[in-house]
Amino acid sequence: MIINVSTPHQKYSSKKLEECTYYNQNYSIFAKNGYNWSMNNLDTADSKPCQYYSYSTRESVVTEWNLVCDNVSMKSNVHATMAFGKFVGGLLFGSISDVYGRKFAFNLAAFIYMVSGPSAALIDSYVLFLIARFLIGVAGSGIYESSYTILTELTSGKTRTLLCLLMNMSYPIGYILLSIIAYYVRPWRMLLLVLSLPMFGLLIQCWFLPESPKWLMSQGRTKQAWVEMAKLVPTAVHANINNDGQNNVEISKIKKSNGKFTEILSAYTSLFSTLDLSAKTVISLFFGLSCGLSYYVIALNGDNITADRYIYVALNGVVEGVSYALTVPLFLYVGRKKAVSSLFFASGILQLTLLAIPLEKANILLCVTLIGKFFVSALFSAIVLYVSELYPTTIRNTGIGILLTFSQIGSIIAPYIVEILGAKAWYIPSTVCGTLGIFVSSLVLMLPETKKTVLPNTLEDMKNTNSVKLSNCFKF
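Following my numbering, the numbering of the sequence shown begins with 16 at its first residue and continues without gaps.
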């Protein structure tokens with residue numbers, strides 16, 4: 016009775032009660048006149064925002080700082096701040112890696128990670144918590160980009176495809192572990208602290224991770240490049256430094272400028288130095304935006320489709336792991352271009368399919384959403400490898416960095432689409448993602464196939480590679 020008398024119904028649903036407002040009534044009069052009289056006089060009362068909140072869920076960031084109702088955008092800020100950190104980290108560490116080295120970038124990012132991770136669990140201030148989340152995002156991009164590029168430049172052919180795609184298995188494994196750990200560790204601060212412990216395992220990689228011989232050669236540090244190769248392959252003294260099997264390939268030294276800042280700036284301007292590189296870069300930006308938006312919208316959209324959060328996260332991890340396993344044979348036997356275009360198209364169609372399913376069909380919605388997640392996850396691992404093969408060694412990490420940077424624009428937008436627009440109409444997030452995915456699938460067709468091609472080392476080598484053109488749409 017008390018809830019019915021004190022709480023208005025939502026404007027767009029006569030069955031649901033408002034969660035953020037209550038009727039401004041004289042409840043002592045209601046107590047004297049009874050329930051029926053009280054219900055008949057509700058329409059004449061004004062409503063006002065709640066001053067205090069009661070939560071039926073466990074302790075969380077939301078309950079800690081009351082990130083509900085008028086403060087719901089502050090809840091979105093928690094997700095968006097880390098995504099913005101990844102955005103900045105993608106820009107920053109992509110060029111740091113190309114100028115100072117892959118290993119230096121990895122070590123710097125690992126240090127930031129190990130400091131900011133535990134700090135986020137101990138901070139009492141909402142603003143400082145956002146800063147810690149931002150730094151975690153910055154470090155995450157730096158670690159992923161630099162280690163992925165080293166792996167790309169140390170391997171070739173089928174080995175490169177297999178190892179680079181398998182490296183991404185860390186994501187679904189983390190997904191599954193997160194759901195299990197979060198189920199048993201309910202206090203959010205303790206959960207963050209437990210999740211930050213594996214970060215210190217990066218100390219092992221900081222010590223043993225080799226520098227990329229390809230990068231060293233591009234910097235003119237030939238002797239050190241051979242030293243690194245000798246550590247990896249004892250017979251490297253008699254082998255060719257080129258991982259793709261070319262003989263006597265000279266890797267030009269990057270032109271030295273007056274300072275490191277101008278070198279970093281040069282790395283980014285090189286992405287647009289020719290019409291072909293500009294086209295590849297713009298298409299790469301759409302890759303990142305579409306994947307980032309779809310990936311995080313699906314990850315955050317569990318509440319809008321009324322799914323159990325722990326089961327939803329665990330199933331996301333399982334589906335993501337299976338999708339990576341599919342990407343390996345697709346890339347090896349179908350090719351990069353056809354695989355990426357097909358995956359974008361399939362993910363877009365599936366997300367638009369949600370429009371035809373009633374919200375009450377929760378199990379069907381969950382199944383279709385997870386199938387869409389399957390294709391989006393496969394795309395995330397696929398586009399990084401594909402884009403890395405479109406750029407030469409001298410700017411490869413910058414190219415990967417700007418791809419991941421724009422994927423973070425999608426992830427920055429995602430929480431606002433899910434938590435604000437999704438609360439108005441649950442199908443808006445999937446409609447936006449599906450439409451964008453189909454559009455990007457058409458852009459992929461203009462790119463060249465990179466399967467079984469030699470990775471270019473310099474901008475000069477790009478003249479010998481296939482360029483972006485409309486006629487590629489008819490080459491499969």
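Take these hints with a grain of salt, some might be off.
Derived lysine-lysine pairs resembling DSS-like cross-links, with alpha carbons at most 30 Å apart [claimed, not checked]: (1) 439 to 467; (2) 352 to 467; (3) 90 to 376.
Quick list of simulated restraints, FRET-style, between CB atoms [what the hints assert, rightly or not]: (4) 119 to 74: 35 to 43 Å; (5) 137 to 196: 17 to 25 Å; (6) 139 to 85: 20 to 28 Å; (7) 185 to 81: 14 to 22 Å.
Hint data in this document are derived by calculation from the structure and do not stem from the laboratory. Even for Gly, the Cβ is constructed at its ideal location relative to N, Cα and C.
So, going through the hints one by one against the coordinates:
1. For the proposed pair residue 439 and residue 467, the alpha carbon gap of about 48 Å is over 30 Å, so the pair is violated.
2. Our distance criterion of 30 Å between C-alpha atoms is met by residue 352 and residue 467, whose separation comes to about 12 Å.
3. Proposed proximity of residue 90 and residue 376 is supported: the alpha carbons are some 28 Å apart, at most 30 Å.
4. For residue 119 and residue 74, the hinted distance range of 35 to 43 Å is satisfied, since their beta carbons lie about 40 Å from each other.
5. In this structure the supplied range 17 to 25 Å holds for residue 137 paired with residue 196, their Cβ-Cβ distance being about 18 Å.
6. The hinted window of 20 to 28 Å between residue 139 and residue 85 holds, with their beta carbons roughly 22 Å apart.
7. For residue 185 paired with residue 81, a C-beta distance near 35 Å fails the hint of 14 to 22 Å.
The structure fails hints 1, 7 (numbered hints given earlier, in ascending order).
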